[in-house]
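Protein chains in written order, with the working numbering: chain L, 1 to 230; chain R, 1 to 230.
If you're looking for bench data, these hints aren't it; they were derived computationally from the structure. Please read these numbers as outputs of a predicted model, since none were measured by experiment. A couple of the hints might just be wrong.
Copies of the same chain look alike in the list, so a pair counts if it fits in one copy or across any two.
Stated by the list, open to error - With a Cα cut of at most 30 angstroms, we get these calculated DSS-like pairs of lysine-lysine:
#1 Lys77 with Lys227
#2 Lys105 with Lys227
#3 Lys29 with Lys49
#4 Lys81 with Lys227
#5 Lys175 with Lys107
#6 Lys81 with Lys29
#7 Lys20 with Lys49
#8 Lys20 with Lys99
#9 Lys227 with Lys49
#10 Lys227 with Lys175
Protein chains: 2
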Amino acid sequence: MTAIHGRKQSALSEFSRTEKRGLYKAIYKRRDVRGHFLPDPVSDRLLRKLLDSAHHAGSVGFMQPWSFIVIRSPDVKRQVKDSFEHANAAAAKVFEDEKRELYSKLKLEGILEAPINLCVTCDPSRNGPHVLGRNTIRETDVYSTCCAVQNLWLAARGEGIGVGWVSIFEPAQLKRLLQIPEHVIPVAYLCLGYVREFLPRPELEIAGWLPRIPLEDLIFFEHWGEKNGK
Amino acid sequence: MTAIHGRKQSALSEFSRTEKRGLYKAIYKRRDVRGHFLPDPVSDRLLRKLLDSAHHAGSVGFMQPWSFIVIRSPDVKRQVKDSFEHANAAAAKVFEDEKRELYSKLKLEGILEAPINLCVTCDPSRNGPHVLGRNTIRETDVYSTCCAVQNLWLAARGEGIGVGWVSIFEPAQLKRLLQIPEHVIPVAYLCLGYVREFLPRPELEIAGWLPRIPLEDLIFFEHWGEKNGK
């Protein structure tokens, strides 16, 4: 069986050992970066490369629902940061005791420090009202947009660019600030830039916020809850 | 400036030229596979590798909300296929004239042919009611799950495994079939297996369903709609 797979892989996947290593390296060494941004500019050419990687994610019905708002203006960043701070003050209150104390110590965004902020949006109306494959699960356009974000995140890691996903905003306020039309969804607000370091493990894991779940606990066979498959 | 970036990249990103090529190859040569599955089995070891790649996506508040239901039983696949066919008959009717004719010719899933089906779910209740970073945008747990799917999709491409995302189901019916608890969301239903070929471009692009949007049309600066930044 191994021999069969070996043959198939060389004939079809066309990935050398080193190429595969690059792919897995991006997957395992990608981090959500908050506190390690450097001010060094990211070139337009490299930014375009990252956006093109996002644009080559699959999308439901090939609708390509995403747009990218590139933010470099300190004024706009400041407004977004204010919006974050407002939402974050409220968010901290839901945690109790040690968790709240730990929460207050965590740096959760690099909006002002990162040279580039990027809002990735989803336009559910793109390419007409009917989208192939979106008839029963309307959210698949947003799902596609998230796949685009992950492509960008991995490509960025390969280029030594850190990315941090900031999700602590009132979406309505973010839409107002960035003049996003009513029907468009701001799916991800990302901070991008060169970094001092990529941490060896996720920051929240290192900080003791939550542990990594063993993979085996997450796998079922045939139906939810069934563990006896192989 | 190029020199600065060159230095930074070698010091921090640690990706060789060939490793980067592997990463971009996965991003650009990944396909949504429907009609090209081979019956050859995928080893448990390789499947685990793909699931572990998914498990190393970032997640909001490190909540790791995903679970994986691995489906190999022909009976379960048959039930899911019936569910697809029911939803697809309804979906075809929303398109008119040439689009409907083209739709009817497209193969949209490989449920029975693919040796492995995989349902990737999101449990919004995992790790307690309060999730760091999910206070204002509740859907961020589902967004994280989509990032996990993209990791798996790219890793699979590197291994010569095709993946097809089937989204034409009534979610309630799929949940019943797979015995998924009420509060858990079946985000993605994927078909996995070795393939005869990976098409050079997305199948819907080749079929003339929709064209690729020029990247430039999707980029704004500072605010939605602003094209004059750089």
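Now the hints, each set against the structure:
no. : hint               : result
1   : Lys77 with Lys227  : between (48 angstroms within a copy, 18 angstroms between copies)
2   : Lys105 with Lys227 : neither (39 angstroms within a copy, 39 angstroms between copies)
3   : Lys29 with Lys49   : both (20 angstroms within a copy, 15 angstroms between copies)
4   : Lys81 with Lys227  : between (45 angstroms within a copy, 23 angstroms between copies)
5   : Lys175 with Lys107 : within (24 angstroms within a copy, 38 angstroms between copies)
6   : Lys81 with Lys29   : within (27 angstroms within a copy, 37 angstroms between copies)
7   : Lys20 with Lys49   : both (20 angstroms within a copy, 12 angstroms between copies)
8   : Lys20 with Lys99   : neither (39 angstroms within a copy, 39 angstroms between copies)
9   : Lys227 with Lys49  : between (42 angstroms within a copy, 18 angstroms between copies)
10  : Lys227 with Lys175 : between (44 angstroms within a copy, 18 angstroms between copies)
Checked against the numbered hints listed earlier, the structure breaks hints 2 and 8; every other hint is satisfied.
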